[in-house]
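Following the hints, put chains F and R in place on chain B, whose structure we already have.
Residue numbers (my numbering), protein chains in the order written: chain B, 708 to 792; chain F, 1409 to 1799; chain R, 496 to 822.
A hint or two may mislead.
Unchecked claim - A few chain R residues facing chain F, derived, Cβ under 8 Å:
id : residue
1  : Asp662
2  : Arg749
3  : Leu779
4  : Ala781
5  : Ala784
6  : Gly819
No lab work stands behind these hints, which were simulated from the structure alone. Because the structure is a prediction, the values reported are computed rather than measured. Ideal Cβ positions, reconstructed from N, Cα and C, are used throughout, including at glycine.
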Amino acid sequence: MNVQDVKIGILSVLASVAPELEAELLVPDRPLRRQVDLDSMDWLNFLVGLHQTFGVDIPEADYARLVTLDDIERYLFARLDRPQS
Amino acid sequence: MIEFRLPSLGADMDEGTLLEWKVQPGDILSKGQIVAIVDTSKAAVDIESWHEGEVARLLVQPGQLMPVGTVMALLLEPGETAADAERYQPDARLPASADAASAGPMQSGPVMAERRAVSPVARRRAGELGIDLQGVSGSGPNGVVTLQDVERAAGAAAPKDRPDGMRHAIAAAMSRSKREIPHYYLAEPIPMARALDWLAQENAARPVTERLLPAVLLLKAVALALRRYPEFNGTFIDGSFHPASRVNPGVAISLRQGGLIAPALFDADRRHLPELMRDLSDLVKRVRAGSLRSSELSESTITVTQLGDQGVESVFGVIYPPQVALVGFGRVTERPWVEGGKIVVRSVLTASLAADHRVSDGHRGGLFLAALRDLMQQPEALDAAPSGETK
Amino acid sequence: MSRRISYREALREGLREALLNDPRVLLMGEDVGRYGGTYAVSKGLLDEFGPDRIRDTPLSELAFVGAGIGAALGGLRPVVEVMTVNFSLLALDPIVNTAALYHHMSGGQFSVPLVIRMATGAGRQVAAQHSHSFEGWYAHIPGITILAPATVRDARYMLAPALSDPDPVLIFEHAALYNMEAELGDEEPVDIRSARLMRDGSDVALITYGGSLYKTLAAAEQLAMRGISAAVLDLRVLRPLDTGAIVALTRQCRRVVVVDEGWRSGSLAAEVMARIVEHAFYELDAPPARVCSEEVPVPYARHLEEAVLPQPEKIIAAVEALLGVSS
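Extracted from the complex, chain B is given alone in its bound form (with noise of 0.2 Å):
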């Protein structure tokens, strides 16, 4: 899996949560709760479908990581690399 693929992956999570999403107008290195309006059920259903789809579990500690898509990319990548590496 590559980054572009992690990236098409977020989208669509995103997408299932807010349909209503203009995915093209997303700045990637601003805060993404601040672009869509999600509040924290649409951020856990999130969460969840990234866990679903990446096989990757988000500790809630971790949360405050997680500010801007580029944020997510990042660290779902490195967590996908791990095993494989």
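Below, chains F and R alone, put in the same frame as chain B:
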């Protein structure tokens, strides 16, 4: 003969469009079984049966718009046969319990099988649009169906109008609330450190699919506090308060395309937190998907709204009639807090109560909020097994 | 050039123009000459045109309406003034049995190019015998044309087409309108076949004529302030009725209120409603309604007289009942 009528699923509903029958003649209905799916201004709602009996006749067609109280189907009582149902003439009048707004235009007196009053141009237009006039409620003098009614019904048949319909429904319910209910408002800061710490610990041990949100703790605390202060849990109908026997908080859930719905979380006071979390999560998903059950829309006993999260510091809500109270939660913020003579930084959330002064007074409201605050200081107790005590 | 003149002056100008343009035209009636007309319409005309053309008559409607018919048959173009509509009852036989029938009974050999003018209507405290609105009766009679000028423009210009009509034309001037003033342009010929839309609207059509026009326009104005858009149609010609205009406005508004100062039963309003139902039934969103005078002799006392006649409040109430709204 049992008349199965379209129920009112809240103060803001006066009509609905049948989307689909879930039963057919010959089916034996049990209580709680889903009979039909009806499109309201809020959602496509699964209408549950509160009768038992054999389905004899279905009287409305999918696509038909019905005022609340319309006889949708006939069910056989023990000893009756399908032939009885064939002969049976449903009373076209709406039951006395139907919402006055929808009962108003209908004629009183004997109207068995009487021809609806429809203006000539309305009848012609209905023919052109293929609208069944039986399902169109009349807004003209003495309930006459006018051209505008037909065109509105034609518009309602197109489901894309839902946001407009919902805005209209919310406007009607909230106007009624502010017109009829003398609100009073109270607010109390709730220290959240213990609850959040406990939650962090709890969630660390849980996979992401089973994590709890602070909202669940708050809902449980509200439900438990309501047991002690039942005057905030119930409905005000026909000049008197009716305390509810169950604690079913309606959870205000905003829709991404605008508008909101507050379906009930049943028996929140008697659920374990994980169970409550599953129900809440399921409810949010179904609200957003536009698929709810009729009991969820009609049986909530109080409303809880949380504009917290990303939102504002405090919220003072408008009571959803005929309920008598609404609890609002704002965002968790870090605030200077005085503790043991020192100023410290604490996570605090503002809880508010909007309550109906016809039913309760500010003193009791204050005690309720204090109880809520105290319950939130013992998060582990909130998850305690439901006590044997029942109402 | 536009100028402001009264309904009375407009009638006088129309008469004067006719007298100047056609030597066959003469005016006859009670007090039309030396007194200048009971409503001062013909003031000054005797001096200008002389007693051969401005003729005071004896107090006998039967005689001078009959004389008018004879003059018309003899090739003149008489304008006969009957003081008020109640006095025309004394001339019903010459009007209905002679003037209206001669064309038919002569097999088309004779026409009666006669114009009869008279004052009609209530509202001036002249009591039961001088407050009738019988124009609806006359509109029942085939063979004559019935005009109800409600505007200064129609008062000024309806006489010319009436005089050029080969058959009898009756002009009903509402007595409450004589003092009304309005701006009038120079050349505004009018026809005597069509109704005129006085105010456009979409929610309800108000159909009226004569003295009720201004009450109806006032009602429409107040309805507009309540968010109800009312169109107002001035019938102008009561026979033959402009059915096309009535149907078109009905189709536009879907609801109709007819305002008619005549008594309700067998009124002109009844005929208008019948045509609506005959020709526009499937356009209707509510039954046609009407505001007429109460079916009693018109009282003398002002407050009672006002209570009997159509008024803007009654028109508004009728419209609100049709729309199912209350004020």
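Hints, one by one, checked against the model:
The interface hint given for R/Asp662 is broken, as the beta carbon of that residue sits about 37 Å from the closest beta carbon of chain F, more than 8 Å. At a threshold of 8 Å, the smallest CB-CB gap from R/Arg749 to chain F is about 6 Å, leaving the interface hint in force. At a threshold of 8 Å, the smallest CB-CB gap from R/Leu779 to chain F is about 5 Å, leaving the interface hint in force. Of the supplied interface hints, the one on R/Ala781 holds, with its beta-carbon coming within about 6 Å of a beta-carbon of chain F, less than 8 Å.
At about 11 Å, the closest approach between the beta carbon of R/Ala784 and any beta carbon in chain F exceeds 8 Å, and the interface hint on this residue is violated. Hint on R/Gly819 holds. Least Cβ distance to chain F is approximately 4 Å, under the 8 Å limit.
In this structure, the earlier hints numbered 1 and 5 are contradicted, and the remaining ones agree with it.
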